[in-house]
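With chain S held as given, fit chain U onto it using these hints.
In case you want the letters, here they are:
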Amino acid sequence: AQSVTQLDSQVPVFEEAPVELRCNYSSSVSVYLFWYVQYPNQGLQLLLKYLSGSTLVKGINGFEAEFNKSQTSFHLRKPSVHISDTAEYFCAVRFSGGYNKLIFGAGTRLAVHP
Amino acid sequence: NAGVTQTPKFQVLKTGQSMTLQCAQDMNHEYMSWYRQDPGMGLRLIHYSVGAGITDQGEVPNGYNVSRSTTEDFPLRLLSAAPSQTSVYFCASSQGIAGGQNEQFFGPGTRLTVL
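Protein sequence lines correspond, in order, to chains S and U. Throughout the first sequence, residue numbering follows our numbering, covering -1 to 112 in sequence. Throughout the second sequence, residue numbering follows our numbering, covering 1292 to 1406 in sequence.
Where hints are given, some of them may not hold.
Sample of chain U residues lacking proximity to chain S, with all beta carbon distances greater than 10 Å (derived) [to be verified]: (1) Gly1333; (2) Val1341; (3) Arg1368; (4) Ser1371; (5) Asn1393; (6) Leu1406.
Output of the computed footprint for chain S on chain U, the stretches with three or more beta carbons under 8 Å from beta carbons of chain S [as the list claims (entries may be wrong)]: (7) 1319 to 1331; (8) 1394 to 1405.
Each computed EDC-like pair below joins lysine to aspartate or glutamate, with the alpha-carbon atoms no more than 20 Å apart [as the list claims (entries may be wrong)]: (9) S:Lys56 with S:Glu14; (10) S:Lys47 with S:Glu62; (11) S:Lys56 with U:Glu1321; (12) S:Lys99 with U:Glu1321.
By construction, these hints were calculated from the structure, which means they are not laboratory data. Where is the CB? At the ideal position from N, CA and C, for every residue including glycine.
Just chain S, with the same shape it has in the complex:
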């Protein structure tokens, strides 16, 4: 079965430190990859997406992610986090050739401390 694994359920980090949130997926077909952010008591907002082309994609709020096909990974990074980045982050995959059905990982809660 196709699945998405977010390797860390919680990531604590100090303000201005770098952070990486890890995401792996299982698929034998082409995929589109997404990262969403959910701030407390809000809906989901798209951070960035990989459709094709350059494997390094940049998103909003200074985040970027790198698609690695051989490792089936799509890790999210930010070189310097702010308190306002405290939120839950979801990795999601959509398989090419089908409808817009997204498969989500379990989420990673990023806690930025002063």
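Frame of chain S; chain U shown alone:
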């Protein structure tokens, strides 16, 4: 545009009661879907629709019904609520029904508690 709207924001039900969660979008999107969010499990797809009159099951459809009589609305019905349906429900929509460029827009969610 209001985007994707959901009502109510909060709801408490007793076991066995029925209710409908409302979802509407004003962007003329073809694709609409319902997800439930549970701690440690991310979002799971309940039902989706690729146009008016066309719906299909997602990953966790049991206990839920949907219909799509108009492009704008996609209500989710719980016929006999169970405590296992306590969750946060999100509605989402996208312009196209396929293709990675079709970003899904999410509503603010409905927090449902079944006692």
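For the segment 1394 to 1405 of chain U, count the residues whose Cβ lies under 8 Å from any Cβ of chain S; is that count three or more?
Contact hint for the segment 1394 to 1405 of chain U vs chain S: holds, 6 residues under 8 Å.
Does Lys99 (chain S) pair with Glu1321 (chain U) here, judged by a C-alpha cut-off of 20 Å?
13 Å, holds
Hey, is Leu1406 (chain U) genuinely clear of chain S, shortest beta carbon separation above 10 Å?
The claim stands: Leu1406 (chain U) keeps its Cβ more than 10 Å from every Cβ of chain S (closest is about 21 Å).
Is Lys56 (chain S) close enough to Glu1321 (chain U), meaning Cα to Cα at most 20 Å?
Distance ~28 Å between Lys56 (chain S) and Glu1321 (chain U) Cα, so the pair is violated.
Given as non-interface: Gly1333 (chain U), which should sit over 10 Å from chain S by C-beta
4 Å, violated
Going by Cβ atoms, does Arg1368 (chain U) stay more than 10 Å from chain S at every point?
21 Å, holds
Verify that the Cβ of Val1341 (chain U) lies farther than 10 Å from every Cβ atom of chain S, and report whether the claim holds or is violated.
Val1341 (chain U) is in fact no farther than 10 Å from some Cβ atom of chain S, at 6 Å.
Minimum Cβ separation between Ser1371 (chain U) and chain S greater than 10 Å?
26 Å, holds
Given pair status - Glu14 (chain S), Lys56 (chain S), alpha carbons within 20 Å:
19 Å, holds
With a cut-off of 20 Å on the C-alpha distance, tell me whether Lys47 (chain S) and Glu62 (chain S) pass.
OK: Lys47 (chain S) and Glu62 (chain S) at ~9 Å, within 20 Å.
Annotated coverage of the segment 1319 to 1331 of chain U by chain S, confirmed only when three residues or more have a Cβ within 8 Å:
holds (count 4)
Against chain S, does Asn1393 (chain U) hold up as non-interface, every C-beta pair farther apart than 10 Å?
5 Å, violated
When each numbered hint is compared with the structure, violations occur for hints 1, 2, 5, 11.
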